[in-house]
Amino acid sequence: MKLYDQLFYVVKRFKKLFSPGPVTNADVSGSITAEIFIIVSIVIASLLLRHVSVLLAGFVTLILAVVLITNIPLIPKFRIEQEDSLNKMLFYAIIALGFIVIFLYWGGNLV
Amino acid sequence: MNELIPLMVIVPMMAALLLSAFSKYDKLIRILAFVVAICLPIIPIVSNYGLHFFGGYEPMVDNVTNILYHPAITYSFDFMQQCFIAMIGLLTFLVVFIYLSKYKKVSGPYLFLLFMGTSAATALILTDDIFHMFVFFEILALAQVGIVAASSIEYSYEMALKYMILGAIGSPMMLLGIGFLLAMTGTVNVTDIVAILRGGLLNVTSPVFLLSLGLIFFGWLYASGLPPFHTIKSGIYSKAEPHAAALLQSFTVISMISIVIIMFRIYSSLPIFEVFIVLFSVIAMILGVSMALTQTDFRRMIGFLAVGELGFIGLGIGLGTQFALTAGLFQALNEIVITALLFIGFGAIVHSTNEVDTRKLGGLLAYHPKVGIMLLIGGLAMAGVPPLNGFQSKLMLVQASLSCGYPELSILTIMVSIATFVVFVKTFYSMFLRPKPHDLEVADKEVPKAMVFTMLILLIVIFALGLFPNVVTSGISNYVGGLLL
Amino acid sequence: MAETQLAILFTSIALVVIGLYAAIFVDNIIKKIIGISFIEEGANLFIVGIGYKAGGIVPILMPNMDPAWFASNASYPLPYGLVLTSIVIGASTLAVMLALVMVLYRKYGTLSTSVMLADTSKQEEYNE
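Chains U, H and E, in that order, are what the protein sequence lines are. Counting in our numbering, the first sequence runs from 391 upward without gaps. Counting in our numbering, the second sequence runs from 31 upward without gaps. Counting in our numbering, the third sequence runs from 28 upward without gaps.
Chain U with its partners taken away, still in its complex shape (with noise of 0.2 Å):
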């Protein structure tokens, strides 16, 4: 009952997601199809670390899947994080490039 409540908590937030003028049913069916497929995408996409260490991915797949589905609006906070502010962007970029650079530097010997 309460997954219920919460599913419909989502719609709702999703109004708010287009908030200057109308909803559309095919909107919102957009954006719950977008959640669905978020969620079922990157659980799947862990699964790749299994080729690191089974255990790890096991691991990893429960948590998102937990951490995902508790947190189910998650497209109003993709979407905030993925607005065209320039200060974002540019906080995402710096972040990728030191992301890149440190893997690299610990990764290129091992894998």
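Everything labelled a hint here was simulated from the structure, so no lab data went into it. Among these hints, one or two may not hold up.
Coverage of chain U stretches by chain E, computed from C-beta distances (three or more under 8 Å per stretch; other residues unrestricted) [said to hold, decoys possible]:
1. 468–477
2. 480–486
If you want a taste of the chain E side facing chain U, the calculated C-beta under 8 Å gives, among others [unchecked claim]:
3. Gly82
4. Ser141
5. Ala145
6. Asp146
Note that the structure is predicted; figures quoted are calculated from it, not measured. All residues carry an ideal CB built from backbone N, CA and C; glycine is no exception.
Since chain U is already given, all that's left is putting chains H and E on it; use the hints.
Same frame as chain U, now just chains H and E:
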């Protein structure tokens, strides 16, 4: 006939300069632009395969070490390059044709930007020199910024400046990476660098080599619009005029594959390189398609879809086998055609309704049935429905990831295709099929004939590539086999 | 020899880091662009540093020079050629950026990045 190889770059560049210089004479630049645009797809088709050394400096053999050196900037022209250059030439011709027929008074500087972009993309895919690649990568970025800023769409200047600032961080990083490679090998010719690496003269696990990979990789992410640059890339597509956006996405695809092929030749001995490409491609697929599902501006939506499709190309290249690389390059060729069709088709809708919000549109099938049906076929091709070309390349990708032992990637590929289909059906429904809103005013004018003609040509290419994929894939497969030796 | 080259490399790294700091944390767009040009100059200086050779001569082969002596004493010319190109590109990038800033300054009347280059997708999506 190898003199034709540098002409593929020189002709559009020269035309660009002339068009900008004589922009006062309207009739003259119309004729010049049209003639040059017709030449662009023809030159690569009639040219022979081979190498071109600028300045005529042939490769030299060092008497002491017996290594072959390339002192000149080298262009290599093979079947793969021929396919892509002919395709981008065709697309440039169609876009210039639309532009010339759309406006009574044409602008010389705008045509300059279009031709300069084509010339830079052509040089990127031809070159065998890593610094030459950097130079044209920068010229391409400048041309793209100019094309975006020249459109009179609201907030286009902001988007252009954002793209420029991010590029001004990405490209010096790439230059630093090239500098590291130059410091270690003393050369900027890719063939020479590969020979030095194969000869075991360089320690591939040294931190400097790894750092050069990281920095060039970051520049590649910027050039190809993979995450974290997917928002800005989709943004500039949505802020350019539709026909220009069709050209912009082809530039993106070309720069993506040309830089990644150079990186692949240098760094493929490092397994982490392929891991990184697959990682960023998967993120691009997930984020691109899921963001496309929530957009209400349909130009932005195609922009995100185009970024998501780039993930497929990266996936094919990241898997690294001959079949997978062929699939990735074939997907790149298909994406250029399909996304151009979608941008131009939706541009026709903008032309007749002056509206980009899907919530305010509807019932357009009664007004523009031809455009609607052609767009539907284009969308089906993008989602990978047989017998269209998207199906062939995506099937190859699924087979490639299965045979490499990654069934998760096959599942992801299929899921992303389905989600792409959902995006397209949703947009098609809300624009064409549902009842027309009362306050929507559809101008009672025909879609420009040039746009319909362009879409028809692109549809023919889509069907041809879908029904006879072997024409392209066998040649690309041979080329890839040469890369992997 | 090593000291000069090391000094060049450290300076270039310092330029890149300062530039990155300015590009991320400074709000004024002009200062941001100055930071960005710092990154470019850092990369250029690094490439110049590669070609450095202690006591090296200008890499131009004069008619009365012995080629073997020249080869062992001249500094490496390739990086200089590359840097020249790269400086030209950097200058044109800078010019285009500043031109765009001029246009935007006229529109907004401020140089703050968080105002000028903020998220615009909400405003444009549904304007009556």
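Hints versus structure:
1. Coverage of the region 468–477 of chain U by chain E holds in this model, with 5 residues showing a Cβ closer than 8 Å to a Cβ of that chain against a need of three.
2. For a cut-off of 8 Å, the count of residues in the region 480–486 of chain U with a CB near a CB of chain E stands at 3, and the three-residue condition holds.
3. Taking 8 Å as the C-beta cut-off, the interface hint given for Gly82 of chain E is violated, the closest approach to chain U being about 35 Å.
4. At about 6 Å, the closest approach between the beta carbon of Ser141 of chain E and any beta carbon in chain U falls short of 8 Å, and the interface hint on this residue holds.
5. Taking 8 Å as the C-beta contact cut-off toward chain U, the hint placing Ala145 of chain E at the interface holds, the least distance being around 5 Å.
6. This hint holds: Asp146 of chain E has a C-beta 4 Å from the nearest C-beta of chain U, less than the 8 Å allowed.
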